[in-house]
Amino acid sequence: MLAPDPEFAIEARNIVKRFDGQAAVDGIDLTIRKGSIFGILGPNGAGKTTTLRMLLGIIDPDEGERFLLGSPDPISKAHQVGYLPEERGLYQSMKAYDAIAFMGALRGLPLAEGRRRGRAMMEEHGLGAAIDKQIRQLSKGMAQTVQLLGTLVHDPDLIILDEPFSGLDALNQGKLERLIRAQADRGVTIIFSTHVIAHAERLCEEIAIIADGKIPFRGKVSDARDRLRPQVHLETRNLDGPWRAAIPLDCQPLGHNWHFTLPESGVEPLLHALVEGGAGIESLSIERPGLHDAFVQIAGEAVARKMEADTNNSEEDAA
Amino acid sequence: MIETIRAAFVIARRDFTAIIFSKSFFFFLLGPLFPLGIGIAAGGLGSQVSRDIDNPVIGVALSPAEADQLLDTRTRLNRSLGSRSLPDLVVLPDLGRDEAAIMAKLNSSKSLSAILSGTLASPVLTGSERDVNKWQGKLSLLAETALSQPARVTIDTRFVGQTGSSSERGQLLTAQGGQAILILLTMILAGMVLSNLVEEKTNKIIEILAAAIPMDSIFLGKLFAMLGMALVGIAVWTTTGLTVILLVGGDLNALPTPAVGWPLFGLLMIFYFSMAYLLLGSLFLGIGAMATTVREVQTLSMPVTMGQLLVFFLAYSSITKLGEPVEWFAVLFPFSSPFAMIARAAQMGNIWQHGLALVWQAIFTAIIIRFSVMLFRRNVMKSGPSAPKKGLLARVTGK
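As you go down the protein sequences, you meet chains A and B in turn.
First residue of the first sequence: 1, per our numbering; consecutive thereafter.
First residue of the second sequence: 1, per our numbering; consecutive thereafter.
Treat the hints with care, since some could be wrong.
As the list claims (entries may be wrong) - Here are a few chain A residues that face chain B, going by a calculated C-beta distance under 10 angstroms:
1) Ile59
2) Leu84
3) Pro85
4) Met103
5) Arg107
6) Leu111
7) Gln147
8) Thr151
To be verified - Below, a sample of chain B positions facing chain A; criterion: calculated Cβ distance under 10 angstroms:
9) Glu3
10) Gly191
11) Ile206
Don't read these hints as lab results, they were simulated from the structure.
The structure displayed is predicted, hence computed values, not measured ones.
Glycine residues also receive a C-beta, built at the ideal position from the N, C-alpha and C atoms.
Bound-form chain A, shown alone (with noise of 0.2 angstroms):
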């Protein structure tokens, strides 16, 4: 066993997770840089709560290794890490505050503190009126900010959020992206699972691509996108000429509009072949692939079809 890097927070060594017989987790290598926030993505049944629940040590893996905070056994570093499963769950007859003070006394936090705590974070975050009310007295949507609050009260360095914006609607979304943040101003490392491209495009410096238990792509969101080549819109009063060479063959015009991937040579060489051939340019856009298009290429069709079904259900749920 190689010993653990302390730059990383994270550190999965080929690990693998059977259920039955199935590999659910297969052979994932995963390093997570101390202060990063970083994405997984997936559709629903990828293996993304399977590795997160390895990584936290709720469940072992049945091959290879990791290392939460450098320690091979997680729940002994469970003081410094806040979590957040995708099925949320509170006792239900606890008042609110006493609801985040638990969850800070699970990890190490005084239950006298966590109480005073809880309050300040509820009437930070406008539940005031709702401290002292039962979590079965609470909305959906309350309820899981206060559990969200109980994920972060012992001010923990590591932060794992399982799919924490499934359930929300979009202005809780946009608060629970700016609490992200604000975590990770202070130095916090913070992992979130998402089915939802949108979220780690916005959030993420670096994400993991899983499908089918495995991971495609781990990288910057940049490098993720770079492994499409730019896309050129083109609007031309010319049909004919010169310029056509600078074009794709096989690229052809609707209308007066031309739609293309730009060649390897680059933005100049196609614009000078443009302006110098005749082309006649009435506008000429050339957009940067989205992190859409890069997940549909690395992932698959399939896999991002699902994973957008998995939104939209997701948004019908908030709704």
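Given chain A, put chain B in place with the hints provided.
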């Protein structure tokens, strides 16, 4: 280890306060009143019926003088033998040996079980075979005493604290009583642990707990919270019971003293109840943890209760067999050990054996918790699209 205990305390505190400050805890405290009330009512009714069946009225159809003589003798013997020992007598007209009249009287009366006719020297008892066989001996004694009129003798009495025989019998009684209380309390309270993890599983809280603290702490905390609740209940019931006994003028000193003395016996009762609770509770918690719904827990309750009864029978049957193999087995078998040991505390004076027994029981509790946690982690705490739903038996056996 310290972290395991700290985390267990967090769980125990949450569970304990959630139970104690819930409205249902009040009903839990009232719980024993219902079987007690039903028991008293059923007992009263039963003894009334039994009195009516066992103490029938015998008609005395003798000459008036002999009938009076018989009634006087009955009154005299009642003082010595107790009022329930002899049948009630009612005087009828002298029917001589007129069998037809006797039969007519027996058939027409609903209260008469039999009729004594003839003379005291040569009485005839007419009635059903069962009643005649049952009462002829006592009626003969009445007639003989009435005829012979023996001199009255008063015995001068002197009392001593205890004899060897009475002490042994008293301690046996204490052993039976102590064990019965322990069995009853364990039976009422330990089964409650079965459903203890269902809330966490249905509310998905188990995921938060499992990511934050060792699973052993969850089991240990839950077990100790329920033990705490049980001890609060027992304290309330004991205090109430003692208060009622003292209020109605009961004498607690009249109870036979156990071999280890009352203070230590009381302490051992608490210890052995706690160990019995932890042993059975940890097993039930482990079994209950495999269940995913309340319905599955209810299904489990029956075999679990039957298992408890078998253990209790084993312990109960060993009370009078101190030192015999069956008693040693009951002492060593972890689940019956607390019950067998409390019977020992009532009948044997040496104390060291209790220390050993408590350590043995504690070790076994730890083993069961470890085993339960292992089963729980392996068979319940897993997710994933390919994990199909398993039956309860498959989850318990891990197959």
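Legend entry - Proposed interface contact between Leu111 of chain A and chain B, which counts if any beta carbon pair is under 10 angstroms: holds (8 angstroms)
Inset, instruction - Mind checking the CB of Arg107 of chain A against every CB in chain B and telling me if the closest is under 10 angstroms? - result: holds (5 angstroms)
Inset, instruction - Identify whether the interface hint at Met103 of chain A stands, where standing means a beta carbon of chain B within less than 10 angstroms of its own. - result: holds (7 angstroms)
Inset, instruction - Using Cβ atoms only, decide whether Pro85 of chain A comes closer than 10 angstroms to chain B, and label the hint accordingly. - result: holds (4 angstroms)
Legend entry - Per-residue hint verdict: Ile206 of chain B, partner chain A, C-beta under 10 angstroms: holds (8 angstroms)
Legend entry - Agreement of hint Gly191 of chain B with chain A interface, Cβ distance less than 10 angstroms: violated (22 angstroms)
Legend entry - Interface restraint verdict for Ile59 of chain A against chain B (beta-carbon cut-off 10 angstroms): Status holds, d = 6 angstroms.
Legend entry - Hint check: 10 angstroms Cβ-Cβ cutoff, Glu3 of chain B to chain A: holds (8 angstroms)
Legend entry - Restraint check, 10 angstroms cut-off on beta carbons, for Thr151 of chain A near chain B: holds (9 angstroms)
Legend entry - Leu84 of chain A as an interface hint toward chain B, with CB separation required under 10 angstroms: Holds, about 9 angstroms.
Legend entry - Cut-off 10 angstroms, beta-carbon criterion: hint that Gln147 of chain A touches chain B: It holds, given that the least Cβ distance between Gln147 of chain A and chain B is near 8 angstroms, below 10 angstroms.
Going through the hint list in order, the structure does not satisfy hint 10, though it satisfies all others.
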